[in-house]
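Chain B: place on chain A using the hints.
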Amino acid sequence: MAKRILIIEDEIILLEALKEKLTNIGYEVEAVYDGEAGLEIIKEKKPDLLVLDILLPGINGYEVMERLKKENISLPILVVSNSGQPVEIEKAKQLGANDFIIKAVFSLKEVEERVKKLIGI
Amino acid sequence: MSLRLKLNFFLLIVFLLVGFSVSFFLAKNIEKTEFNRLQEDNQRIVKTLTQGFFSDLKTWEESQTPVGPYGFEKSGVKELMERFINFYQLLTGQKIILLNIYNDKNLIIASNFKELEGMKVKNPSVEKVFKTGLALSEIENPKEIHPYPNILIDKKITAQKIFETYQPIEIESRKVGVIESYFEPELKLRERIQQTIGIISLGFLLIVAIVYLFFSRMILKPIQIIRKATEPIGQGVFSGYVKEVTQKDEMGKLGEDFNSMIRGLNSLSGEIGRLKEIGRMKSEFISIAAHQLRTPLSGIKWVLELALERETNQEIKNWLAKINELNERMIEMISDLLNAARIEEGRFGFNFQKNIDLLSLFQKTIESYKIKAEAKGLNFSYSSDDFKNLYLKADSDKLKIAFDNVVENALNYTPKGGLIKIELEKPDGFVIIKISDTGIGIKEEDLPRLFSKFFRGQNAVSFQPSGSGIGLFITKNIIKAHQGEIWAESKINQGTTFYIKLPVSRELIN
Chain A
11 MAKRILIIED EIILLEALKE KLTNIGYEVE AVYDGEAGLE IIKEKKPDLL VLDILLPGIN
71 GYEVMERLKK ENISLPILVV SNSGQPVEIE KAKQLGANDF IIKAVFSLKE VEERVKKLIG
131 I
Chain B
5 MSLRLKLNFF LLIVFLLVGF SVSFFLAKNI EKTEFNRLQE DNQRIVKTLT QGFFSDLKTW
65 EESQTPVGPY GFEKSGVKEL MERFINFYQL LTGQKIILLN IYNDKNLIIA SNFKELEGMK
125 VKNPSVEKVF KTGLALSEIE NPKEIHPYPN ILIDKKITAQ KIFETYQPIE IESRKVGVIE
185 SYFEPELKLR ERIQQTIGII SLGFLLIVAI VYLFFSRMIL KPIQIIRKAT EPIGQGVFSG
245 YVKEVTQKDE MGKLGEDFNS MIRGLNSLSG EIGRLKEIGR MKSEFISIAA HQLRTPLSGI
305 KWVLELALER ETNQEIKNWL AKINELNERM IEMISDLLNA ARIEEGRFGF NFQKNIDLLS
365 LFQKTIESYK IKAEAKGLNF SYSSDDFKNL YLKADSDKLK IAFDNVVENA LNYTPKGGLI
425 KIELEKPDGF VIIKISDTGI GIKEEDLPRL FSKFFRGQNA VSFQPSGSGI GLFITKNIIK
485 AHQGEIWAES KINQGTTFYI KLPVSRELIN
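Quick note, the sequences are listed as chains A and B, same order.
For the working numbering, count along the first sequence from 1 and bump the result up by 10.
For the working numbering, count along the second sequence from 1 and bump the result up by 4.
If we strip away everything but chain A, and leave its shape as in the complex, we get (with noise of 0.2 Å):
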């Protein structure tokens, strides 16, 4: 059975390419633009990776990952930003993010090497 994977993005060209690259390696993507879905989803359907962006319209990404430690469910976090600041990246990683990457740095190759080194295919 394919590994699942949420992404959380607000911005639908991203969210879009990510989703497509990621499908056509095999895996099962589901995608929502805002916190609040996406937690939903991850009690509901309990993927094996959940992609995240960290500025999300509603309440944002380190929000969603601190309601994740609060509720315990724990799950492989990628970070997914804008930016990549050290204090962000420390931050992310505290609230228990597994990798953290920058989107206009990394390419979607790059990408899915993370992604493959986190779950497997």
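Read the hints as simulated data drawn from the structure, not as lab findings.
The structure displayed is predicted, hence computed values, not measured ones.
Be aware that one or more of the hints could be misleading.
[As the list claims (entries may be wrong)] Computed cross-link-like contacts, DSS-like style, restricted to lysine-lysine with a CA-CA straight-line distance of at most 27 Å:
| hint | chain 1 | residue 1 | chain 2 | residue 2 |
| --- | --- | --- | --- | --- |
| 1 | A | 101 | B | 484 |
| 2 | A | 119 | B | 99 |
| 3 | B | 397 | A | 101 |
| 4 | A | 126 | B | 404 |
| 5 | A | 56 | A | 119 |
| 6 | A | 119 | B | 380 |
| 7 | B | 36 | A | 126 |
| 8 | A | 119 | B | 376 |
| 9 | B | 368 | A | 127 |
| 10 | B | 484 | B | 368 |
| 11 | A | 103 | B | 368 |
| 12 | A | 119 | B | 374 |
| 13 | B | 368 | A | 119 |
| 14 | B | 380 | B | 447 |
| 15 | A | 103 | B | 326 |
| 16 | B | 165 | B | 99 |
| 17 | B | 225 | B | 257 |
| 18 | B | 132 | B | 179 |
| 19 | B | 247 | B | 232 |
| 20 | A | 126 | A | 55 |
| 21 | B | 376 | B | 326 |
| 22 | B | 358 | A | 101 |
| 23 | B | 447 | B | 505 |
| 24 | B | 321 | A | 119 |
| 25 | A | 29 | B | 368 |
| 26 | B | 404 | A | 101 |
| 27 | A | 103 | B | 358 |
| 28 | A | 80 | A | 119 |
| 29 | B | 374 | B | 286 |
| 30 | B | 368 | B | 358 |
| 31 | B | 397 | A | 103 |
| 32 | A | 127 | B | 358 |
| 33 | B | 404 | A | 127 |
| 34 | B | 380 | B | 425 |
| 35 | A | 119 | A | 13 |
| 36 | B | 358 | B | 392 |
| 37 | B | 376 | B | 447 |
| 38 | B | 505 | B | 358 |
Here is chain B on its own, set in the frame of chain A:
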């Protein structure tokens, strides 16, 4: 010593000096007037007595007839003289020390000192009185009583001043002799003079003290006011105007100057605040704009990547690759701008780690430089062995950015066929990474501004129009954060060498 103490000391000395000299002068003056008054009185008494006693003599010559072994014992003059002395002392309470009566031939015909009688003495004062017929009086020092010093020493005169009086003796309008007399001023009088002087001196000192207090307050007060107003300036508060210092002198001027200084500082600090605000807004704008640009650029990047994967038409693939290249350049520029803005805002975060291995840090990037250099038709030389066994405390990502910027410049500004060389020097405790090229070089006048933001060398602009001029600014800041140094040497059209000096950890050196 505080200014107040110094000034007080100075004023005290000045006022005391002035006080003493004025007291002394006053005292002298009083003494002189007192003595003069006494002198006049004396003279008048002597004159009256002389006229009273000696007008009784019928004939002067007769009375001078010598009698007995010493000459004048029984002379009428001698008798008169004794009566004169008694009368004088009774009248004035003062003592006659010496009294001589001269005749017209400089002969002492009578004296209260017998030894002097019959002596012929050349006395200038007596001669003068004879000549003019006028009385004469002097105030003398005892030592200077000439020509009878021995007598006076015998008498042990303690007085500091002695009155001398010369009175002509006239009988029927004929000058016949001169009475020379020496008086010691009354002791009581001297005491009175001293008392007066003491009181006056004391009073004067009191006045001096008051004047002194007034002066020192007058001088010090404005200084203290201004000093108090100066204090807040050090804390950056420019509100302390001086209001109380309004007098029309240097102090008043100082107060005015101080106020205009405060006004200047106020407008200056307002101006600085405004400039800071503009600067802050500028970097904030850059920050926001760059962030906003990043999202669409990364969208283009990923979509292009997908398109490149799928496209089978080689021609279209080539075009897409070109777009991708441009997009990458834009992303890089945006990163540079963001980093520059962060540096300026002081939030360019570093994540230092100990014992970063220089070889593993650079091996990958250096390989990629080699590929880029070959693609541009450049020779690239380095030895990976040099990088072995060098460990440092570093933020790997940032250090890579710094290194990239310098090598990219070498790659960009070296014409085809040139050589780019990376060498290492290892002075004690440091590593110097030398990146040299045979490129277009940097003009000498451009070298000092090389690491300033947005600066690009004149020949760099004409060789390669694109470029933000931010790279070396960021590099310098990164190297500085690593306690390192960066500098460059260059010769136009011959090439440039950049030196990056970084401290290495000692414990892991062989």
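Hint check:
no.: 1; hint: A/101 / B/484; result: holds (26 Å)
no.: 2; hint: A/119 / B/99; result: violated (136 Å)
no.: 3; hint: B/397 / A/101; result: holds (22 Å)
no.: 4; hint: A/126 / B/404; result: holds (26 Å)
no.: 5; hint: A/56 / A/119; result: holds (25 Å)
no.: 6; hint: A/119 / B/380; result: holds (26 Å)
no.: 7; hint: B/36 / A/126; result: violated (123 Å)
no.: 8; hint: A/119 / B/376; result: holds (21 Å)
no.: 9; hint: B/368 / A/127; result: holds (20 Å)
no.: 10; hint: B/484 / B/368; result: holds (24 Å)
no.: 11; hint: A/103 / B/368; result: holds (26 Å)
no.: 12; hint: A/119 / B/374; result: holds (23 Å)
no.: 13; hint: B/368 / A/119; result: holds (18 Å)
no.: 14; hint: B/380 / B/447; result: holds (24 Å)
no.: 15; hint: A/103 / B/326; result: violated (36 Å)
no.: 16; hint: B/165 / B/99; result: holds (13 Å)
no.: 17; hint: B/225 / B/257; result: holds (14 Å)
no.: 18; hint: B/132 / B/179; result: holds (12 Å)
no.: 19; hint: B/247 / B/232; result: holds (12 Å)
no.: 20; hint: A/126 / A/55; result: holds (20 Å)
no.: 21; hint: B/376 / B/326; result: holds (16 Å)
no.: 22; hint: B/358 / A/101; result: holds (21 Å)
no.: 23; hint: B/447 / B/505; result: holds (23 Å)
no.: 24; hint: B/321 / A/119; result: holds (17 Å)
no.: 25; hint: A/29 / B/368; result: violated (30 Å)
no.: 26; hint: B/404 / A/101; result: holds (23 Å)
no.: 27; hint: A/103 / B/358; result: holds (20 Å)
no.: 28; hint: A/80 / A/119; result: violated (33 Å)
no.: 29; hint: B/374 / B/286; result: violated (38 Å)
no.: 30; hint: B/368 / B/358; result: holds (20 Å)
no.: 31; hint: B/397 / A/103; result: holds (22 Å)
no.: 32; hint: A/127 / B/358; result: holds (26 Å)
no.: 33; hint: B/404 / A/127; result: holds (24 Å)
no.: 34; hint: B/380 / B/425; result: holds (15 Å)
no.: 35; hint: A/119 / A/13; result: holds (18 Å)
no.: 36; hint: B/358 / B/392; result: holds (16 Å)
no.: 37; hint: B/376 / B/447; result: holds (26 Å)
no.: 38; hint: B/505 / B/358; result: holds (17 Å)
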